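Enquirer: Listed here are the chains, written in short residue letters.
Protein chains: 2
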Amino acid sequence: MSGFTQTLRRAWEENDSLLCIGLDPEIERLPPRIAAEPSPIFHFNKAVIDATHDLVCAYKPQFAHYAACEAEDQLERTIEYVHRTYPGVPVILDAKRGDVGSTAERYAIEAFERYGADAVTVNPYLGGDALEPFLKRADKGVIVLCRTSNPGARELQDLDVGGRKLYQLVAELAARRWNSRGNCLLVVGATYPRELAEVRAIVGDMPLLVPGVGAQGGDVAQAVRNGQSASGAGLIISASRSILYAAGGAQFAAGARAAALALREAINSSRTRPS
Amino acid sequence: MSGFTQTLRRAWEENDSLLCIGLDPEIERLPPRIAAEPSPIFHFNKAVIDATHDLVCAYKPQFAHYAACEAEDQLERTIEYVHRTYPGVPVILDAKRGDVGSTAERYAIEAFERYGADAVTVNPYLGGDALEPFLKRADKGVIVLCRTSNPGARELQDLDVGGRKLYQLVAELAARRWNSRGNCLLVVGATYPRELAEVRAIVGDMPLLVPGVGAQGGDVAQAVRNGQSASGAGLIISASRSILYAAGGAQFAAGARAAALALREAINSSRTRPS
Chain A
1 MSGFTQTLRR AWEENDSLLC IGLDPEIERL PPRIAAEPSP IFHFNKAVID ATHDLVCAYK
61 PQFAHYAACE AEDQLERTIE YVHRTYPGVP VILDAKRGDV GSTAERYAIE AFERYGADAV
121 TVNPYLGGDA LEPFLKRADK GVIVLCRTSN PGARELQDLD VGGRKLYQLV AELAARRWNS
181 RGNCLLVVGA TYPRELAEVR AIVGDMPLLV PGVGAQGGDV AQAVRNGQSA SGAGLIISAS
241 RSILYAAGGA QFAAGARAAA LALREAINSS RTRPS
Chain B
1 MSGFTQTLRR AWEENDSLLC IGLDPEIERL PPRIAAEPSP IFHFNKAVID ATHDLVCAYK
61 PQFAHYAACE AEDQLERTIE YVHRTYPGVP VILDAKRGDV GSTAERYAIE AFERYGADAV
121 TVNPYLGGDA LEPFLKRADK GVIVLCRTSN PGARELQDLD VGGRKLYQLV AELAARRWNS
181 RGNCLLVVGA TYPRELAEVR AIVGDMPLLV PGVGAQGGDV AQAVRNGQSA SGAGLIISAS
241 RSILYAAGGA QFAAGARAAA LALREAINSS RTRPS
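In order, the protein sequences belong to chains A and B. Going left to right, the first sequence walks through residues 1 to 275 as my numbering numbers them. Going left to right, the second sequence walks through residues 1 to 275 as my numbering numbers them.
Hints in this document: simulated from the structure, not taken from any laboratory. None of these values were measured; they are calculated from a predicted model. We put the CB at the ideal spot given by N, CA and C, even for glycine. Keep in mind that a hint or two might mislead.
Quick list of in silico lysine to aspartate or glutamate cross-link-like pairs, EDC-like style, CA-CA up to 16 Å [as the list claims (entries may be wrong)]:
#1 B:K165 <-> A:D158
#2 B:K165 <-> A:D160
#3 A:K165 <-> B:D160
#4 A:K165 <-> B:D158
Derived DEER-like restraints, expressed as beta-carbon distance ranges [as the list claims (entries may be wrong)]:
#5 A:A266 <-> B:E172: 38 to 46 Å
#6 A:E13 <-> B:K136: 40 to 48 Å
#7 A:P32 <-> B:G232: 57 to 65 Å
#8 A:D219 <-> B:T272: 53 to 61 Å
#9 B:G101 <-> A:D219: 15 to 23 Å
#10 A:G163 <-> B:A221: 37 to 45 Å
#11 B:A266 <-> A:P87: 49 to 57 Å
#12 A:D158 <-> B:G232: 33 to 41 Å
#13 B:D73 <-> A:P274: 50 to 58 Å
#14 B:A138 <-> A:A138: 40 to 48 Å
#15 A:D219 <-> B:K136: 25 to 33 Å
Produce the entire structure from the sequences given, and follow the hints as far as they go.
Expert: Okay, structure coming up:
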C-alpha cells in the first residue's frame, strides 16, 4: 500500500470525511481585499485550508487555474503549506498528464519533486507504458481518468470495445495491471452514478476520485451509495466552486467551512458503514 | 482556414520544409558553458533557433521539459523570441492538455495568451466538448492525439470500436466534427507508418504532426510516403534529441543545423510533389 493511500485512509478516518476540496481559485472571484495583496491565490487558499483542514480527506489544486495566471509559485506554496501545517491531509495535483515515456518522466518530476504532490491525475489514452513513470513511484498516488464528469465523456469513453465500454476496460486495466503496487486510483464523475456503480464492481476497494458534485450538479447521495466500497469509504468526493465561493466577500473562509461541513454531513449520511 | 494553418502552409513553402524541431532541452545535456549562464535553456534554444529557422516549418517546445525545472519564464521567452525574430515560423506548445470545459478554458488561456503559442496539442479522451474551448479560437491550431508513437499506444488506441479502431474513429471525429473551423490537426507517430497511411486516407489534406523519427526510430522515408497529402505536404515531422544533441559541446548549434539540413533533405527526397 502506498504512502499516499495510507495517508488517505488515515484522513478518511481521522476527519471522518470523504470530502476533497478542489483548490481552483479564480482570480476574478477572490474577495477584493485578498485580490489586492501579493500572492492573492496563496492567501485565499491558506484561509480556506485553515478553515477546513479537519473536514477533508484531501485537497486537490487544479493546475490550469495556476498556470493560466502565472501562479506556479503560489501552487508550490499552497502544497508546501498543507504538508507543513496539516501533514495528515494529502494533496492531489489535478493536472491530467499524459505523454510518452521519456516525457512522462519529466511530468512525474514536475508533480512529485517540484510541487511535492502526493498524487497526480493522469490520462490513459497513451496506454500503460505512459503511466509507468508515475506508477513506479509506489509512495505516490496515480489517479487515472476513467469516466469523466462532462457531457462529452460519452463520445469516446462509452464506446463498445468487445462487449464492454471503454471506461469499463480502463477500470479493468487499472485493477488488473496498473495497480500492481497498490497506488492506482480512478476518476469517475458523480454526474454518472450508474457508471460509478459499474466501476466499483470492477475495481473492488480501489479508491475513486469523484468530481462533479456541487457546481456540476451530481447528486451526492446517489454518488455515495453507488460509489462507496464495502467498508463505506473508498471515495474522494471533490467539490470546488460550491465551497470556495459559498459566501462572498470577507466571509469566504467561514462560508467555505460551513459549506464543507454541510457537504461532509450529506456524504456521511449516505454512507453504509459496517456495524 | 486558421491563422496557424496559413502560417504553417507558408512555412512549408518558404523553407521548403516539413521539419519541426522539438525544443525539449534537458538541462543535464546542455554544453557546460551554456549551463553555467542564467536562463540556460532560453540561450540554448535561441542558438538552435538562430541556426535552423530557415530549415523548419515549426518549432515545438514540450511543456514538461520546462515545468520539471521551473523554467516557465524561459518557455515564454523562447516562444516570444521566435515570434519576434522569425514571425513566419509557427510555434506549437506540446502540452497534451485535456480537461472538462471550464478548466479547458483556463488551459486555452495558458497556451494562447500566457505563452502566445500558435497551436497546442490536446488529448481526445474527454470528448469534443473538452476540445471546444481550444477549437473555438479559430486562428489557433488544435492538434489532437490520434495514434501516438509509444509502444503502449496499442493498448487503447487500437481497440476495435464497431469495425474500426479507436484511433481511426478519432480521425473520423476530427475530420467530420472537430475541424469545422479548419484548425484541427492530428498527432500520428512515425513509428506506425501503416496507421499513418490509414489516417491520411480518412482526413484528406488535414495536417498531421508526426513525432517519432530520430531517437524513437521511426523510418523517415516510410513516414513521408505514407503520411503526405495529395500536394506532397500535410506533415509536420518532429525531431528533437537527434537534432538538439547532434554535436556535443560548443558546436551544438552548428551540429543542429547540419542535422536539420540532413533530415529536411531526407524528408524532401521522399515527398511526391505534383509536377
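Enquirer: Work down the list of hints and note, for each, if the structure agrees.
Expert: Comparing the hints with the structure gives:
For the hint pairing B:K165 with A:D158, the CA-to-CA distance comes to about 14 Å; that is within 16 Å, so the pair holds. Using a Cα cut-off of 16 Å, the hinted pair B:K165 and A:D160 holds, with the two alpha carbons roughly 11 Å apart. Between A:K165 and B:D160, the direct Cα distance comes to roughly 11 Å. Compliance with the 16 Å bound is thereby established for this hinted pair. Restraint check for A:K165 and B:D158: the C-alpha separation of about 14 Å stays at or below 16 Å, so the hint holds.
Between A:A266 and B:E172 the beta carbons are some 42 Å apart, a value that agrees with the proposed interval 38 to 46 Å. The hint said 40 to 48 Å for the Cβ distance between A:E13 and B:K136, and at roughly 45 Å that hint holds. Between A:P32 and B:G232 the CB atoms are about 58 Å apart, so this pair conforms to the stated range of 57 to 65 Å. For A:D219 paired with B:T272, a C-beta distance near 57 Å keeps the hint of 53 to 61 Å intact.
For B:G101 and A:D219, the hinted distance range of 15 to 23 Å is satisfied, since their beta carbons lie about 20 Å from each other. Taken as a hint, the range 37 to 45 Å holds for the pair A:G163 and B:A221, whose Cβ atoms sit roughly 40 Å apart. Between B:A266 and A:P87, the C-beta spacing of about 55 Å keeps the proposed range 49 to 57 Å intact. Against the hinted window of 33 to 41 Å, the Cβ-Cβ separation of A:D158 and B:G232 comes to about 39 Å, which satisfies the hint.
For the hinted restraint 50 to 58 Å between B:D73 and A:P274, the CB-CB distance of approximately 53 Å keeps it satisfied. In this structure the supplied range 40 to 48 Å holds for B:A138 paired with A:A138, their Cβ-Cβ distance being about 45 Å. Take A:D219 and B:K136: their Cβ atoms lie about 30 Å apart, and the range 25 to 33 Å holds.
The structure shown violates none of the earlier numbered hints.
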